[in-house]
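**Q** When we follow this note's numbering, the leftmost residue of the sequence shown carries the number 180, and every step to the right adds one.
Read the hints as simulated data drawn from the structure, not as lab findings.
Each statement offered as a hint is correct.
Subject to a maximum C-alpha distance of 25 Å in a straight line, what follows is the list of computed SDA-like cross-link-like pairs (lysine to any residue):
| no. | residue 1 | residue 2 |
| --- | --- | --- |
| 1 | 668 | 601 |
| 2 | 1002 | 819 |
| 3 | 611 | 669 |
| 4 | 573 | 546 |
| 5 | 1002 | 1017 |
| 6 | 1002 | 1020 |
| 7 | 1002 | 1012 |
| 8 | 821 | 665 |
| 9 | 821 | 606 |
| 10 | 1009 | 583 |
Cβ-Cβ distance ranges computed for the label pairs, FRET-style:
| no. | residue 1 | residue 2 | range |
| --- | --- | --- | --- |
| 11 | 565 | 513 | 14 to 24 Å |
| 12 | 548 | 522 | 24 to 34 Å |
| 13 | 560 | 821 | 44 to 54 Å |
By construction, the Cβ of each residue, glycine as well, lies at the ideal position given by its N, Cα and C atoms.
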Amino acid sequence: MHGRSVVGGRRAPGRDPGRVGAPWCADATGRKSQAARDDLAIEVPEASPYGGQGPRHRSPGTARVGTTPLRRHPHPVPAPEVDDLRYKASPPPHRSSDRSRPTDNQVRPGVMAPGHVVAMTVAVLVSLVLFTTVPVAAGGAQISVSPSWTLQGNDVVVTGTGFSPNQSGHLTMDGSAAGLPRFKVSRQGGFTARFTVPMTATFGWHTVQARIDTKTRAGRTGDVAQAQFLIGFDPASATPPATPGATPTWFPTPSPTPTTPPSVAPSGTSLSFPIRAAFYYPWFGEAWNQQGYNPFSWYTPTLGFYGTTAVAGQHVASMQAAGIQAGIASWWGQGSTTDSRISTLLSVAGSFRWTLYYEQEGSSDPSAAQISSDLAYISTHYASSPAYLRVAGKPVIFVYADGADACAMADRWKAANTAGFYVVLKVFPGYKLCANQPASWHQYAPAVAADHQAGYSYSISPGFWKRSEASARLARDTTRWATNVAAMKASGEPWQLITTFNEWGEGTGVENTTQYGSTYLGILAGASTTPPPASATPTTVPTAVPTAAPPTAAPPTAGPTATQPPATLPPPTSPPTAPPSGSAVLVGAGDIASCSSSGDEAVANLIDGIAGTVFTAGDNVYDSGAPTEFTSCYDPSWGRFKARTKAAAGNHDWLTAGAAGYFGYFGYSRSYYAYDLGAWRVYVIDSNCSQVGGCGVGSAQYNWLKADLAANPTTCVAAYWHHPRFSSGEHGSTTSVQPIWQVLYDAGAEVVLNGHDHDYERFAPQTPTGAADPGRGLTEFVVGTGGKNHYAFGPVLANSVVRNADTFGVLKLTLSATGYTWKFVPEAGKSFTDSGSAACH
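Taking the hints into account, I'd like the entire structure generated from these sequences.
**A** See the structure below:
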């Protein structure tokens, strides 16, 4: 949605690197085994929709082990025919000109060749229940085999490599209990074998044993490895049996046990919160070819450049294995291309759930009559399916919104919803104040790593790299992804949303890819996986091609490099980062919350991960600091830090008589005060001088500050208030606070923090009159970056050393007994920062 890629002028898919196909295999410790130099790789993918080999369409049904045919299918496996679709110009995109979708006119269903199953109803879920690596003496040489368990297409793929010339690999696989064939193969120097999972296999969970031995020319044989799999069909409804006990005793019992599939409600029932869902795009394969790129994606799905109907069942299995309970399918209206795919999605769902994302709100303002007609259509055609998502008995529908939408949109949906849908609208400026509230709200922001709409939704995105753009707007970072997944789970929000599963054009997907394997889905499932190759460079590059060309991958060439995951993924945890021992943290900003913007929520997401005292530099809530604004606009975001917040008052806080909202919300009796933080003394000043009897020499506040500094002769001092003494921003400098500066300067204070101008600016140490003083001057930070909006800079003042006017974020000060460090932490998706350190005077 929000700025997606475009086919014919609309959002088009673009998804991320993750390795497609079926669920992955994890070892018995919950990690994906790392392949060593001498390795055995057994890959067990999903069941073939053709009843035989997978979508790679090898030559007439022949699987080979080395050069030896393993089994032959009775018929060749035909490739599905590509739909012949044309595109038309579309209405203006949602929110940005990026968005696109496949067009809807002149669409004919793909002609299915013989044997092609459109609605694949089974998917294979593999869970490794036992594996160990055992060094074995073979011919006097010590070898170690470390299998790596992954998925590939629709076959079990067994590979043994790295055997020395005097050794041969010997593989036995036995799946007879599941109706699978048993075979045995030997090949000197290594081998590759394919083991196709037929559709005729008995439904349920079954044990398949794989054993590999090595044998020297001297005839010595050693057991190298043995593993047991559970292969199940319709994994969400199956329960794995206990681990078989016929395991050789010399294999240690692994711990912990593997993750089991997520539990889901029986077919046709409502789901209860929290619900984890992923945005999904059923517009393939039309959307691979657009805007002069073919494919229109930086990444390559493990399933290839597929058509939606051919892989829908495999997608469902992958999402379920990752703990995703529902898909939110992009829907562009009655008779559209996406509309033609919904029945297929529902038919392969099993215990999975589907709902729709009503896209037309992003390009127009459909009337209440049109919305009512669409809801009636959805109710008749789809909502009666037991696979359609329901909450509290009501069918669910998600609705997109563009930046120009307002409460009138909520009014239209309230009037139109005579069919009784559970409506989840996308947020827009001021959504919390609308008189007509839907059942729930959500955010769709694919270029933002994490978004928290308190009380409604928590959304996460792995990255954003649109195919037509030279660099990523949100670079991929698996450490950040693991942290955000954990934070999403811990939030307990009703809607826990993944943006997206397969929006390939924008590069936001978590679907498995050749570049990243199953990394992103694996983290969602709570297990780390084998890292991608050393180079995670996308294998396609921008290439102009005729728009009618079929989807083909460009040859591997040097192109922009995707963010490479670390070799070892961190555990998905999200506790706030603790400061170094003996230090204290002061973190915050000014100019914060408004019901007409969501910047405060993006900044609050940063503070979620930072331990310490939170400061506010005034203008806590807009527009007038009223009690209702604190409750409705500040509390849902920064309010979750209320217990550790020390707030200053701004001019907007005083627009309500007596600053009643500020005093009532925070419980203060006075708007200037002091507190100790570690070895530091911190002063909160009220720079609304006329409201507190002045800021000049002899005023109550001036006298209090001077007396408290004298009574607390600490080594290090910081102070913060709203109006900056010096600023290159729109409001400029405030001379009325110069007497306060003078008192602090005379006492040898170190730092002053301000807001008011909605930007970030740092000044070199200076005197109250603005003269540079590196020895004992105050360092001033203007941090009006709490989320309201941005201001432009005017003429740059002397001693201004760092400025930024387009990034929300927080300033984090780590305070020690002898000095401090500072770091500006930007909102997700932005790269600006500023950091350094200084000693106390």
